[in-house]
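Participant: So the sequence lines, in the order shown, correspond to chains A and B.
When we follow our numbering, the leftmost residue of the first sequence carries the number 1, and every step to the right adds one.
When we follow our numbering, the leftmost residue of the second sequence carries the number 431, and every step to the right adds one.
Hints are computed from structural coordinates only; laboratory data are not their basis.
Since this is a predicted model, take the numbers as computed values, not measurements.
Mixed in with the good hints, there may be bad ones.
[Claimed, not checked] In silico EDC-like pairs for lysine to aspartate or glutamate, Cα to Cα no more than 16 Å straight-line:
1. B/Lys438 with A/Glu422
2. A/Lys65 with B/Glu596
3. B/Lys438 with A/Glu420
4. B/Lys654 with A/Asp8
5. B/Lys654 with A/Glu74
6. B/Lys468 with A/Glu429
7. A/Lys275 with A/Glu296
8. B/Lys649 with A/Asp8
9. B/Lys438 with A/Glu409
10. A/Lys75 with B/Glu596
Below are the chains, spelled out letter by letter.
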Amino acid sequence: MSIKKSTDWLRLDNAAKIFPAVTNKKETNTFRVQMELTEVVDSDLLQLATNNILNRFPMFKVRLKLGLFWNYFEKNERPFKIRPLTSKVNEKIIPKENNGYLLKVFYYNNLIVVEFFHSLTDGTGALIFLKALGYEYLTLKGYEITPDNLIVTKDSVPTKDESEDSQSVYYNPHNRKHVKEKKAYMVKGTPLEIGNMGLISGTLPTNKMLELARSHNCTVTEYMSAVLIQTIYNTQIKYRGHLRENQKPVKIFIPINMRKHFPSNTFRNFAIFLKTDLVMTRDDISFDEILTHVKESFSKGLDKDELIRKISENVAFEKNLFLRTAPYFIKLIALKIGFAMIGNSLITSTISNMGIVQLPESMQPYVKNVSAAIYSGKKNPVNIAVTSYKDKFNITFTRSIKETIIEREFFRHFTSLGFEVEIVSNYVEE
Amino acid sequence: MKYCDKCKVKVNTSQSYCPLCHQKLTGEPDLEQEFYPKNVTNIRKILPLTKKILLFITLSSIILILTINLLTYENTPYLWSLIPIGAILYFWSIVRYGILSKQNIAYRLALLTALLIIILNLIDQNFTTVEEAQGWALNYVTPLALFACNLAISFIIWIKRINYREYLIYLITIVVFSVVPVILYYTQVITILWPSIIAFSFAIFILLFIIFFYPKSIKEEIKKRLHI
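Take these sequences, add in the hints, and give me the full structure.
Facilitator: Okay, structure coming up:
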């Protein structure tokens with residue numbers, strides 16, 4: 001019995017704690033990353049690769065267990081099974097049907113798709129896993145490829161800082177003021193059947209995107225946020241500003257990868273968000289005005305003190321003595337009520353830019369594209385995930401409503417500027 | 431690749447209309463298959479018929495018993511129907527949490543034992559009319575049920591060595607609860623000593639066994655379950 005190590009179980013990280021309490025069929029808190037290869041995926045090899053890679057990622061090879069005060073991750077020794085992809089996008093992961101695992105690996109034609117429950121990790125962690133999985137698969141396939149320090153290979157050793165809860169490391173107890181927020185504008189639409197999620201993804205040329213953003217003196221994320229706000233404004237708010245629900249500000253929720261701001265090497269959750277916050281009751285709001293506002297929100301939100309404040313606010317909440325010492329089922333009730341009351345009503349829509357995906361030179365010929373998708377729930381029916389791989393800039397919309405007007409207007413904005421856009425959809429329409 | 435001349439976008443599909451504006455696409459598809467699998471409509475799970483029938487019989491018998499009880503209330507002025515209703519509910523718990531549950535066996539045993547103790551104590555408190563017999567649930571059932579549960583979980587752990595760590599926490603819980611009857615004896619709530627002593631000494635024996643032979647696991651297990 002002496003061989004048991006302390007790595008057998010993990011505390012949930014700060015961000016992860018909220019998700020199990022507030023997840024249901026509508027709010028699945030699941031997201032996917034996918035790799036499109038140049039050839040059809042061999043499922044047996046993928047299964048083998050997944051087994052190898054899961055052993056390298058002990059923080060993902062876990063299941064969620066109930067404790068008296070908090071739940072925790074325990075090492076999962078049961079077999080992990082990959083499965084063929086269905087039309088369902090980011091469906092709720094039910095651990096019971098998945099041998100306890102909180103992630104799923106799918107294959108379909110040329111696609112390798114990995115879906116994660118958000119408690120495990122954020123987009124960056126998921127992409128690290130996907131890259132490792134793709135690399136392992138291609139190696140097993142027999143191709144001569146090298147990791148070039150861009151890939152976590154199965155032979156490297158898991159380190160402690162990879163499973164660190166970075167928020168609890170970089171917080172500052174003296175800078176943790178709680179800021180109250182107003183409720184946000186909600187995108188309207190006819191809900192799809194529960195469990196169905198529409199996915200429409202557009203691929204644009206990366207260099208033209210970068211040029212466009214540069215010509216406006218902003219980043220691509222800022223530019224896309226502005227386009228999204230303008231689209232929502234044009235299609236749902238303009239000339240209707242006198243209606244009461246339209247007087248709420250449009251708030252775009254943008255997760256920021258904190259690993260770029262702090263020297264963290266964690267594979268688990270480490271993202272803080274910023275929000276734009278624009279009341280759009282006037283009838284003549286121009287794109288430039290929106291863009292200026294977005295840029296302001298970004299520079300305010302990316303301020304180091306503000307980032308630390310947000311981290312500390314989260315950590316302070318978790319370290320609250322009353323909350324900590326309450327039994328878990330009481331916490332669960334409190335979190336559920338709290339989330340039902342505010343939770344998602346503070347967000348209009350999310351743009352999650354997972355950034356540039358870099359693969360080793362030798363691996364690139366086998367990989368056509370890498371993209372992502374996040375879930376869309378009841379209150380935030382249209383969300384965007386963004387990745388870019390080589391010359392492909394992927395903007396993936398997911399929606400929980402039937403209407404595709406926002407997607408249409410969003411992409412028409414770019415086609416009207418002369419962009420070549422290639423659309424893929426899962427054609428979920430009802 | 432197909433093309434939508436309204437949206438001015440290329441669409442990678444074999445479908446005939448544009449996903450953005452639902453207008454007709456022009457051109458020929460590149461792929462034989464769709465990029466994503468075709469959408470299938472949700473199939474609703476129907477409650478299996480046997481389960482429905484059983485549930486129906488259960489509910490109607492509960493109503494029947496209650497009705498008879500209320501109709502004959504003048505002759506027997508107490509709610510005796512609660513006893514069979516409790517038994518029926520306990521039967522359902524056995525099926526639902528004992529047999530059909532996928533939780534580990536130690537959890538199921540501990541849960542069912544706790545339920546049984548609660549139900550029998552309630553019956554004892556409310557329905558035992560003979561003076562000398564009062565307290566039978568606390569005197570005999572509680573300590574002996576704990577003893578039996580303790581024995582069963584230890585036995586299972588001993589046989590299924592692979593997963594013993596999962597079961598430890600339930601064993602420890604039962605062991606801790608086994609102390610309660612002895613305390614109750616010294617506070618003179620219960621009057622018969624021997625069942626409590628049996629449960630208590632066996633619990634101490636198991637506890638010592640764990641402490642001597644699995645000291646690290648028990649520490650880890652408690653840390654894991656009780657971290658704040």
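Participant: Compare the structure with each hint and give your call.
Facilitator: Each hint, compared with the structure:
At roughly 9 Å between alpha-carbon atoms, B/Lys438 and A/Glu422 fall within 16 Å of each other, so this suggested pair holds. Straight-line distance between C-alpha atoms of A/Lys65 and B/Glu596 comes to about 10 Å, which keeps the hinted pair within the 16 Å bound. As the CA atoms of B/Lys438 and A/Glu420 are separated by approximately 8 Å, the hinted pair is consistent with the 16 Å bound. For the hint linking B/Lys654 to A/Asp8, the alpha-carbon distance of about 10 Å falls within 16 Å, and the restraint holds.
Under the criterion of a C-alpha separation no larger than 16 Å, the hint pairing B/Lys654 with A/Glu74 is consistent with the structure, at around 9 Å. For the proposed pair B/Lys468 and A/Glu429, the alpha carbon gap of about 11 Å is at most 16 Å, so the pair holds. Restraint check: the Cα-Cα separation between A/Lys275 and A/Glu296 comes to about 11 Å, which is no more than 16 Å; the hinted pair holds. A threshold of 16 Å between alpha carbons decides the hint, and for B/Lys649 with A/Asp8 the separation of about 13 Å falls inside it, so the pair holds.
At roughly 12 Å between alpha-carbon atoms, B/Lys438 and A/Glu409 fall within 16 Å of each other, so this suggested pair holds. Distance check on the hinted pair: A/Lys75 and B/Glu596 sit about 12 Å apart at the alpha-carbon level, within 16 Å; holds.
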